[in-house]
Every structure is written in C-alpha cells, then in structure tokens.
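Trainee: Two chains, each in its own frame: build the complex with the hints.
Line by line, the protein sequences give chains Z and R. Under my numbering, think of the first position of the first sequence as 1, with each following residue one higher. Under my numbering, think of the first position of the second sequence as 1001, with each following residue one higher.
The hints are simulated quantities; they were obtained by calculation from the structure and are not laboratory data. Quick caveat, the model's predicted, so the values are computed rather than measured. The beta-carbon is built from N, C-alpha and C at its ideal position, and this holds for glycine as well. Treat the hints with care, since some could be wrong.
What the hints assert, rightly or not - With the Cβ distance kept under 10 Å, some of the chain Z side facing chain R (calculated, not the full set):
(1) V53
(2) R54
(3) S69
(4) L84
(5) A85
(6) V96
(7) V97
(8) P116
(9) I121
(10) M123
(11) L138
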Amino acid sequence: MGLDDIRVFAAAADRPLPTPDEVSEPFWSAAREHQLVLQRCARCNRVRYYPTVRCPHCHGADAAWEPMSGAGTVYSYSVVHRALAPGFSERVPLVVVIVDLDEGVRMMSNVVGCDPDAVTIGMPVRVTWEDVDDAHTLPVFEPRG
Amino acid sequence: MSEREVAIAGVGEARIGRDAGCSSWELHIEAIEAALADAGLELSDVDGLISCPSTIDDHPRHHVLLAEQLGLNALRYMDSSRVGGASSTSAVRDAVNIVRAGIANTVVVSSADTQRNTVGRAQAPAIKMGHYHNLDYELPFGPLIISLYALIAQRWIHEYGWSPEEIAEVAVAQRHNASLHPGAQARSLITVEDVVGSRPITMPLRMLNCSLISDGGAAMVITRGERARAPAYVHGMGSAYSYYFCWNLPDYTDFLRELAATSARTAFGMAGIETADVDLVFAGDPVDLTTLISLEAMGFCGPGESAAFVAGGRTRVGGDLPVNTHGGCLSYAHPGAPGQHLHMIEAVRQLRGECGDRQVSGARIAAVHGNAGVFTSHCTLVLGKDPPRRDRSDIDGA
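Only chain R is shown next, with the shape it has when bound in the complex (with noise of 0.2 Å):
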C-alpha cells in the first residue's frame, strides 16, 4: 500500500509579540483560525487536535479544553505535546504520523502563551522556572531557565575557546533577518559591540544573547496532500530525548551535540538529503548558543566550528547559509511554546515564496531544528518546496 501523501496546507499567527491583550485560549483560537483560513479549510473539516499548553492557562487535558471552546466535539485524535520548546515540532510529526496512518484526515496544531500580559516580565522567569524545572535541587539555587543554558554556554566557551564577539554574530544576523520582517518584535538593527556591551543576565550569556519574552499563537493544518492548496510537506523527521537535571549529563559538548545530531540524522536520512541539498535552516534559539549547537548537530560544519562558520554574515538573509530568517526567538518573539512553531510557519512561508525583502531565492529544502528542555529534547524536521520521493531504494538500500 502506498503511503499517504502529507502535507502542511495551512499557517496562521496570533498577536505575536507584546502584549496580546488577552487569553492564551484567544490566542490558540485566533492562530487556529488563521490556519484553517489560509489553508482555505473549515472548522468543520477537523478531525484532529494537538495543543500545545501554554505556561500559565495549562491543564492536563488542555487539549479537551480547546476543543470544547472551538465546538470540536468529536474528533478522531487528540492530544497536547508537551515537550518545552519542542512541543510544536513533535506535534507536527506526530500529526503528520496520524494523517499518513489514516487515524484522522485534518489535524490542526496550535499553540500560544501569555507570558508578557499574565504574569508580567518581573516574574516570567520564576513562574516557567517552577513550571518546567524542579522546586528542591534548582530553584532554591536562584538560576533563570536561561542560567541552566548559561552553564552549558560557560563549557563551550571553555573547551573550543570562543570569544563573545564571534559568537555575538548570531544575534546580529537575527536581528538583520528580523529588520527584513515587518511582524518582528525587536527589528532595531544591532552590532557585535551591543550584544557584547549589553546588560549581564546570567553569565556568559548577557541581554542580546537571550531570546525575546512575548505574547502569541502559532497554529499549523496538516492534512492530506490533495486537499492542500498551498503545500509544503514533510521530508523527514527525527527526534531524540535525554536527561531531565543538567547536572547528569555526561558532558556538556560532546554528548550534547551527539544527541541533536541523532535526531537530525533520522530526518535527514529519511529525508534522502545531505547538508549540501539544505537551502535554509531553524533552529531553535532560547539563547543564541543553541543556534550554533545545532548547525554543529546538523553536520554544516565540525566540532567547536560553529562560531567560525558563522563569520561574515554567512547565516543571514543573503548569505551561504540563512538561519532563522525571520528573526527566530532571539528577534521575531518567544511567546514560549509558540516560539519554534514560528520558526515551522516561516520555513513554510519561505518554501511558498512569500517572504517579500526576506525571501531566501529558490528555497526547496528547509531544516528545522527543534530543541528544548536545556538541549536535551529534540524534534527535527526536514520541509520540502516539493512532494518527497516516492522511490526510498537508494536511501534504504534496498
């Protein structure tokens, strides 16, 4: 039996950035909203649900809670994923799993967060500390969750002898992709002497090596490829998970750049690609250090390499390689979970050519990198412009 064709038929957005005015279940049902609309589908085409819960408004059966609100009442699958910063790419796979195995026809992915307008900057980071981290051997500590990510930053910069200029190229870049995008919460263009002269927050990372805090919805359709009228669709997909607590890690580098890699390997081998055939990347960028652990994972450069081969400008719009080209979480918004489904929703954007100033020319394959929980959860997926090969005999070996 041939395998179903997928695809990604539809994107929407909500309110991203400061503020949001409202509810995060506004959010989730204004993206989804937006989704459907732009995938030219009704509510009534659903068949499928994943939330992604967002910090504050959370519930064990947050995604039954969104369905209700949205009048979906009987529904062939649903879940939430709950996977940190990674939710949004694991709920795409596994939509894009429950749509090829024929569970449901339509699922629709969502997610959103409050965490500007709920509890306010001065105690975001506590409350998503609580909520993700552990209240007796971490908080009592005092770190961020970006100390956590600070840490393993501290290891890098130790073992491969980094300098904060060099890696300070990442949030310039960002930042410049950002400029390109009229939607972007910080466009304001930056120099490697800003970030390297911006405020301490958690040392060795200071204010512009950090993401953004906002307010936002992100929400994907999924759904079979002939009722798609705009597809991109899925290639590949990976994924790999690890420890819970930082301090049992075996290493901070190697360990944690092997595991990224096993997740990017399984999308990319299943994808039939190599580095080379990857005409832009996401990666997912709580801090700008994960950027760079990524396109390591990914195999664009070796060991230790990344914040050399990032020089020039190499990453940003126009150049060799586009990272996160609308900006990412360091510069477009980091509503939380809706963070890296941005980065899906920009991939998706930039295969269907609509980008505008920003438009990577020719842009067939797009490698997104999902990462969460301190590096340690990991969801790779590998987006093409163009159906994927029918005929795997030269990837299996078959």
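The shape of chain Z in the complex, shown without the other chains (with noise of 0.2 Å):
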C-alpha cells in the first residue's frame, strides 16, 4: 500500500485534509494567516487555480502569489446529504459550491453561513475561514451583501 492508499483509506476512516507540498505550501500558509492568495503568471498575467509548477495558460515558469479580494458568485452548486466519510457526518447537509472569483479563476469551496437551500447560482459570496485544527485552515465562502 503506498503513501497515496494510506491517505485514501484515512480519508475514508474521518475527515480528509489537505497536505501541503512544495508547491502549495504558499497557498495553505497564507489560509492559516486567513489569506487567500494565488499565483499570478508573469508572462500572461492570468491567475490561476490550484497551485501548479507551470501556467496552464501560457506555460510560463515564473508566477507571484497575489492576495485575493476573496469575492466571486456561485457558478453551480449541490447540496450534499449524504456524508463523504464519517467526519462529515455532523456537517451534512453541506453545500459545495464552484465558485467563480473575481479575479477571473474558479475553485472548489463549502457555502457556510446560510440555509442551505438558500444558495443560487449567481449569488454573490466571500472567503471567510474554517479552522479545522491547528494545522489546517480552508477556504470556504458565506453570502455577500
């Protein structure tokens, strides 16, 4: 069984977490801190997510991590009622949500802080933060204005 399967199974057993890499690191820093930055490429100047080595754009090497507005709009979304792994058993129903950032780059994301049958596609929304434990913070969004 390698290191991916072990993760796999663990996932399955509770709540899965990210682990951070050397090119991610910045990204899952900054969450702690409450930040949500992203790469900026050099050449083309698109932000892009996940982190990644190249743009996927243009291949260009080079790239800054930028702070986002942390503001974007639903692009789809499904309320989940069946839990993943036992560790979302007390969270569902859950909303995961695509969200579309103002900086022009869509991620995978929870709605939190509003009835779940609330959200629409459309819906303005903004980053806030889930402290999981000491070591691991997301990035999920909450209604805007």
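Mentor: This is the structure:
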C-alpha cells in the first residue's frame, strides 16, 4: 500500500484534509493566516487555481503569489446530503460550490453561514475561513451583501 | 495492403450485482473464462491482454499480475487501461488497433471490481473519491463523486430550464429495460414520482437519478474476423479527453457537449454513418444526466433538447431509439470499471439477436458512448452486425 493509498483510507475513515507540498505550501500557509493568495503568471498575467509549477494558459514558469479580493459569485453548487466520510456526518447537508472569483478563476469550496437551500447560481459570496485544527485552515465562502 | 478484419468474438460476465463474495481477481478470471467460452477459444489462443484495473486491488502492473494468474506468460501485447468508466471502451478501441496492426491476434479485455463486498457501501464513496479525484482541493470539502456530476447537472437545469420530472424519464426508461433482463440488479418498475420523491443524495441528484453500487466482472475477446463464430464488428472509434478538475472547464454545458461530440463525430465518421443509421444507443450513465448529454453529443437532438427528446418512452425498449437496453449503470449494475463494459456486452448481444424480451428487432448498428472523469474523458464505438464496408472513398472524399 503506497502513501496515497494510506491517505485515501484515512480519508475514508475520517475527514480528509490537505497535505501541503513544495508547490502548494504558500497557499495553505496563507490560509492559516486567513489570506486567500493565488499564483499570478508573470508572462500572461492570469491568475490560476490550483497551485502548479507552470501556467496552464501560457506555460510560463514564473509566477507571484498575490492576495485575492475573496469576492466571487456561485457558478454551480450541490447540496450534499450523504456524508463522504464519517468526519462529515455532523456537517451534512453541506453545500459544495464552484465559485467564480472576481479575479477570473474558479475554485471548489463550501458555502457556510446560510441555509443550504438558500444558495442559488449567481449568488454573491465572499471568502471566510474554517479553522479545522491547528495545522489546517480551509477557504470557504459565505453570502455577500 | 488491405486492413485485417477484426471482430468482437466473445463476451462474458461474472457475478454481476450485489456481493460477489470473492476478490476482483477472481472476477477478472471468471469473466475472461466466460468470454473465451462464448468465443469458442482457449486461453492458449490469447496473445494479448488489456486489464481495466479494479479500484481496491489496483496495482501499477495490474495486467502483469492478472496475466500471471491466468498462466499467460508469453504475450505479444499487454497493458492496463486507466480511463475510469471509459477504460473498457478505450481498451476495446486499443485492442482492435493492436489486432488490426498485426501486433497480436487475440486480445482479451477484462474489467472487474468489488465495490460492495470489499469496502462496503459506507466507505465506497470516499475510497473511490480518493482514488480518482483529489485529496487536497476536492475531498476536504466533502463532495461525493456524483456531487461533481451534480455540479454539472445544476448548470444544465439552470440553463435549459429542465424539470425533475422530465429528467426522471431516463431512470424510468432504463428501469423498464432492466425489468426485461433476468440478470439486472434492479428490476422493479419505477415511476416518475418514485424518482423525484427518492432520497436526496447530492442535489439536484436523488437516489434514483444515480447509478447502483455493484460487484462484478466483464470481459471481451477481440480477434481476427475469420476466427469469430458469432462476430460483431467495430465500424468506428473515436475519443476525446480534457480537464481533471471540474472548475477548470470553460463551462459546464456547451464545452462538455462539444467535447463528447468530438469523440462521437470521429467514430460516426469512421463508420460512415449518421444518427438515422443507428438502431440502438448505449451511453455511460454514472448518473442520468450523462445519458442525456450523450444523446445531444451524438447528434440525436439539439443542445438542451435531450430532456424533451426522451419523453414518451422513446428510449425504452420498444421505443424509437432504445437506449441502454440492459438498464445501464442506473439499473443493470455499476461495478466501477466494468460498468460501461456491460454496455458493450449488451450491444454485442443485441447485434447477435440474443436478447429475448428486450431484443431490438433488426438491430444492425449500435452506438456506444463511453464516458468518465465527470464527462471529461470519452470513447465512442460504433458496433455493427455486419463487417464494415471496405470502400471508404465515399467517406473520405478520396
């Protein structure tokens, strides 16, 4: 059983949490400080998500980590009633969302702070933070304005 | 030099349905034995193997381990096909090309999984999600694999104004078809009301909008045409591949339909057919939505029209365009990688005229659209009862 398999089985038993690596460390470190930072390509100026070693648009190698406004709108969502793993059993129904950030990039997250059935496509949201434990903070979203 | 005639010469299934009570290895082996027996061939005739690895018993050299257990230690071709639900259609595409090129003469394609008996229904979603999707940017937020399809379904419903009742016909039709198959896992007839009133899983998808969780194995023998005693022929093949993360898709409607259409058009073009030539359709159906998108992608109806297209029982056995005549992953079985392999097997049996109560009379051309990875990987096959025409000048314009 490889390292990934161990992570898969651990995730199935409890709540899956991210494992930062050398590329994604700045993203997760900033999250712990409640800052949403993403890479902006030095060549084509586009923001990307998730953290990668090359720009997926122009293949540029240089990028700078840049704070995002945290504002966006709901592109799509699903209200999930069945817990993925036991660690989610107290949290369902939960909202899995695809957010269009104002900076022109999408990410998967959760919508918190409202009735799951109140979420709609096009709803304005802003980033907020879920401190899962001392080492893990997740960017999640709440209704805006 | 003329192309070698290549045929699907045998099909086999192993313990399809609930709790197979054995490992996926045993299911691979039993399915291969069944397919070879169906073809009237022996293991000693096999000189190629493509395995579609199992979720739980996976291994980087899965095909080698399987071959060794079968005593196949001097093969001329072997590999694993790793395209999720489209692994089996992709593997058949590759096997056809391997035989056609003369690299091997008889290639077995097998798939098997034990989603119910190995991990159980409670842990299966997280294990599968962890294998095929992402531990850092997806799993922490709690989506099931079908939640990723639900995100897409939400956009289709939003953009085209589909009602849950319209969409429900897909599940109702496939259950009708499964009720005619003695081997189907779910055979009790259901109504539109049953579907729209079923337990919410990941909205807008309810339980009956989603595929089953099954065990089972499936296999096929691809060989030179003259060796096949009950051949079905591969007339056209196409494929298309795109993003891993669903948030990177440019959009969830036009882009996904066009991606699938690229695969379908390639296969239909190679076969020299149009939609009017197709007698029955198989569409990969982890959820009902992908049956609908596949119909649009193959050109049976226009963008956004598929929910209306399936109305009135059109896709049931007995309708104008039967779809997933065995019941598909929604009602026949969905044992993971073998799920869409079973679509191809049913297509072959329909073309042979072996399907009893659910036989589509006069079936000569079946279109099989395999899809995977939340509709981002596609492989389309056009299967025919008769050999493909040799003269392609009318297709190529040569």
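Trainee: Against each hint, give a clear statement of whether it holds in the structure.
Mentor: Do the hints match the structure? See the list:
no. : hint : result
1   : V53  : violated, 15 Å
2   : R54  : violated, 14 Å
3   : S69  : violated, 18 Å
4   : L84  : holds, 5 Å
5   : A85  : holds, 4 Å
6   : V96  : holds, 4 Å
7   : V97  : holds, 8 Å
8   : P116 : holds, 9 Å
9   : I121 : holds, 5 Å
10  : M123 : violated, 12 Å
11  : L138 : holds, 6 Å
Checked against the numbered hints above, the structure breaks hints 1, 2, 3 and 10 and satisfies the rest.
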